[in-house]
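Here the protein sequences line up with chains A and B, keeping their order. Under my numbering, residues 1 to 466 are what the first sequence spells out, in order. Under my numbering, residues 1001 to 1466 are what the second sequence spells out, in order.
These are computed hints drawn from the structure, not numbers from a lab. Since this is a predicted model, take the numbers as computed values, not measurements. It is possible that part of the hints are untrue.
Claimed, not checked - Pair by pair, the computed Cβ-Cβ distance ranges are:
(1) B:Glu1415 to A:Leu412: 43 to 51 Å
(2) A:Gln416 to B:Asp1059: 39 to 47 Å
(3) B:Ser1011 to A:Leu400: 33 to 41 Å
(4) B:Ser1002 to A:Lys462: 52 to 60 Å
Glycine is no exception: its CB is placed at the ideal position from the N, C-alpha and C atoms.
2 protein chains.
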Amino acid sequence: MSFASVVDVLSGEIAVGSEITVRGWVRTRRDSKAGISFINIHDGSCFDAVQAVVPSEVDNYQSEVVKLTTGCSVAVTGTVAESAGQGQAFELQATKVHVYGWVEDPDTYPMSPKRHSMEYLREHAHLRTRTNVTGAVMRVRNCLSQALHRFFHEQGYLWVSTPIITASDAEGAGEMFRVSTLDMMNIPKKDNGQIDYAQDFFGKEAFLTVSGQLNVESYACSLSKVYTFGPTFRAENSNTSRHLSEFWMVEPEVAFADLNDIAGLAESMLKYAFKAVLTERADDMAFFQQRIDSGVIDRLQQVIEQDFVHMDYTDAVEILQNCGKKFEYPVAWGTDLQSEHERYLAEVHVGAPIILKNYPKDIKAFYMRQNDDGKTVAAMDVLAPGIGEIIGGSAREERLDVLDARLDEMQLPKEQYSWYRDLRRYGTVPHAGFGLGFERLVTYVTGMQNIRDVIPFPRAPKSADF
Amino acid sequence: MSFASVVDVLSGEIAVGSEITVRGWVRTRRDSKAGISFINIHDGSCFDAVQAVVPSEVDNYQSEVVKLTTGCSVAVTGTVAESAGQGQAFELQATKVHVYGWVEDPDTYPMSPKRHSMEYLREHAHLRTRTNVTGAVMRVRNCLSQALHRFFHEQGYLWVSTPIITASDAEGAGEMFRVSTLDMMNIPKKDNGQIDYAQDFFGKEAFLTVSGQLNVESYACSLSKVYTFGPTFRAENSNTSRHLSEFWMVEPEVAFADLNDIAGLAESMLKYAFKAVLTERADDMAFFQQRIDSGVIDRLQQVIEQDFVHMDYTDAVEILQNCGKKFEYPVAWGTDLQSEHERYLAEVHVGAPIILKNYPKDIKAFYMRQNDDGKTVAAMDVLAPGIGEIIGGSAREERLDVLDARLDEMQLPKEQYSWYRDLRRYGTVPHAGFGLGFERLVTYVTGMQNIRDVIPFPRAPKSADF
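Throw the hints in and build the complete structure from the sequences for me.
Take a look at the structure:
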């Protein structure tokens, strides 16, 4: 007798006739008049539960089996058999049922087998993975993360963990959280009345990182091909379905690469990840297609099959201005595109993912490489049908004189960037990279509407439970 | 003509006679009297640099090639040839040298080709990956992280990202950093004079996590086999070579597992990771063996080959008391073992990794499963020769009544653990897990003495540079 996962049974990996024990949680129980109970057991190893057919001859049939409710934990021993019923190919003919744990009061069990709202599930984030939808999300999330690590590893990229706590607001990508151990009831002050951060844990003011990019550039400028995969933070009061205060980012950075190189990298990375999900998580994807978003599989399939269309920002503005469609926000060269514009371009105008390139320098960060026209920088956004921007990246300014002029122009203090400037003083190389918001990717792949439902324990303004 | 990595050339993957371009940084340049320059170029793809043989016929030979110094960035085009010299099998017969970037002032270049102290390299964390030692560490670090993800993925584990920001000090594993957006010059107070954290970003006091364990238990109690791999934090004023304020942890958590199951998991995980390093990073490991720690490869090989020895804490105490060796710290049942004791057991008494089990409950956390003797808990530490404790884990108390009694005994407020208690109220299952400090693992594998040298940008008291 050996233990088996539900997926091993349902996939046919275990020979019919084998005696095994499956351990998991009861999804449903149904009793026939003939004195047989059908118990569906899930263990998280795949979308479906396995059916155990429990005859009344089992020792504890009356005392326990017929009292099992959703959420009870059990070990069921029995023989793998071909299933006579519809749906699944295999089932378990039970000879023994062991109950590990009961549900305290089935009537008040928070994960009772009725339909719950996503808000309700969020309030029970410690139990929601017991539901079909959150279980499926988390398996797809895992599949994507594994695929991304594998993609980069196979191509010779090194994973680099950039720091979470940082003493510089160097990228200026957003509002930051302060990290401190100062006694809040007794903040030390300097003679001039300012806070004496020299007495704080790190000897200076410290924050949570908004991006690992500047740090990982130093790794690209020696190890050539690197990527981060780690948490980043925004202390912005954005209570929307697309924002999290804490989210995971994937940031590849590539020495000797230009904008087109990383546009190609972004395209092949997304295709690789989507193929992995469709292959490895077909069961969960079928569920999302059926219950969450009927277009979700087609959309992924199209991204896999289509060539991404490259387009200049300047051309995109012209297209949007002349398309005859009335947008909520007007379009003008020099302003950032809104989600409605991005989606029009990807969904209506082209009908495929777009890589939009060469944005006006005034709406982009200081580190982006200036183009020869003096007006634009070598930045790109990847716009996907159905969601809009999913990746943002750029070539980095590797010319010290140009970088310095830009820092001056933007009134950024050079001292603060001294180590970053060192990378340009000593054997500088052209390099480029991009950032992918991992939870945005998971919403795109699953069709889930709210980003808080694709991360285990979401953090948002006024919300840091569990 | 195509681009190639240094590793592709040196491994013989590219046919002799092929014309390629290698891009990287100059490690050394040597000029022969015959008017030929030998330039060693590294690009991070492997330990060794490739030698480019540059004849004086190259266009910019006098104007640029003979001026190249350590750290300059170049693209060298040429033909792959078998190397006549010692050492490497292949070299590049250059026909063209393009210089991307010079070193501003070679005399003051911080990574000049002399020997630097580890402290010095730490002060130049943005440049130190250009050195042999840090490059090797970071490749091994990447190899270990990829191997760990692969190990768990192959066995059906799901990666779970537990929250970084947390509002509960539930585990009590150590001092915590506060995360806040309150205006430090103007802290809001309540009528009773206390700080009004309701006005803070998350509406309550928030911290950086010390462990994802409690959170990930909720995932094990539905998805069965899960693991975390993410950053954790300790605000402890420990300025030692073994402590970091920010470090990465790997925490598998397994439903239906007992202490012996996760002891077995820890053993197979370490063996898998060490095999991966010895196979995939033989070049870097040869360097560590030669320059950092002459026993390092043997030690890994032994861990791979030996069965881990299981031993009870109680037996270990008796062995230590009767071994005749004089320890700095006395040994008595009921006290925690010190590093000297752990190393004696693993290195002298057994000569193999030890899994020490069943510690006194009073020196362990509230969540560890109580044994029937009423005195010990089902906890384990993995002690490795040469380093001592490398993994700590336990079975978790899954019985609500026992858990509650322990919370009372330790005067921990039940309300704070209500969601954790829910896991025991609804279909509780035996489960167990452990934590591996990822940087401890990297120091063990590389033989590096200071943990700050195995993480890209170390954070420690008074130190959060870059």
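Now the hints, each set against the structure:
Against the hinted window of 43 to 51 Å, the Cβ-Cβ separation of Glu1415 (chain B) and Leu412 (chain A) comes to about 48 Å, which satisfies the hint. Under the hint 39 to 47 Å, the C-beta atoms of Gln416 (chain A) and Asp1059 (chain B), about 40 Å apart, fit the expected range. The hint said 33 to 41 Å for the Cβ distance between Ser1011 (chain B) and Leu400 (chain A), and at roughly 35 Å that hint holds. A C-beta distance of roughly 54 Å is found between Ser1002 (chain B) and Lys462 (chain A), which places it inside the suggested range of 52 to 60 Å.
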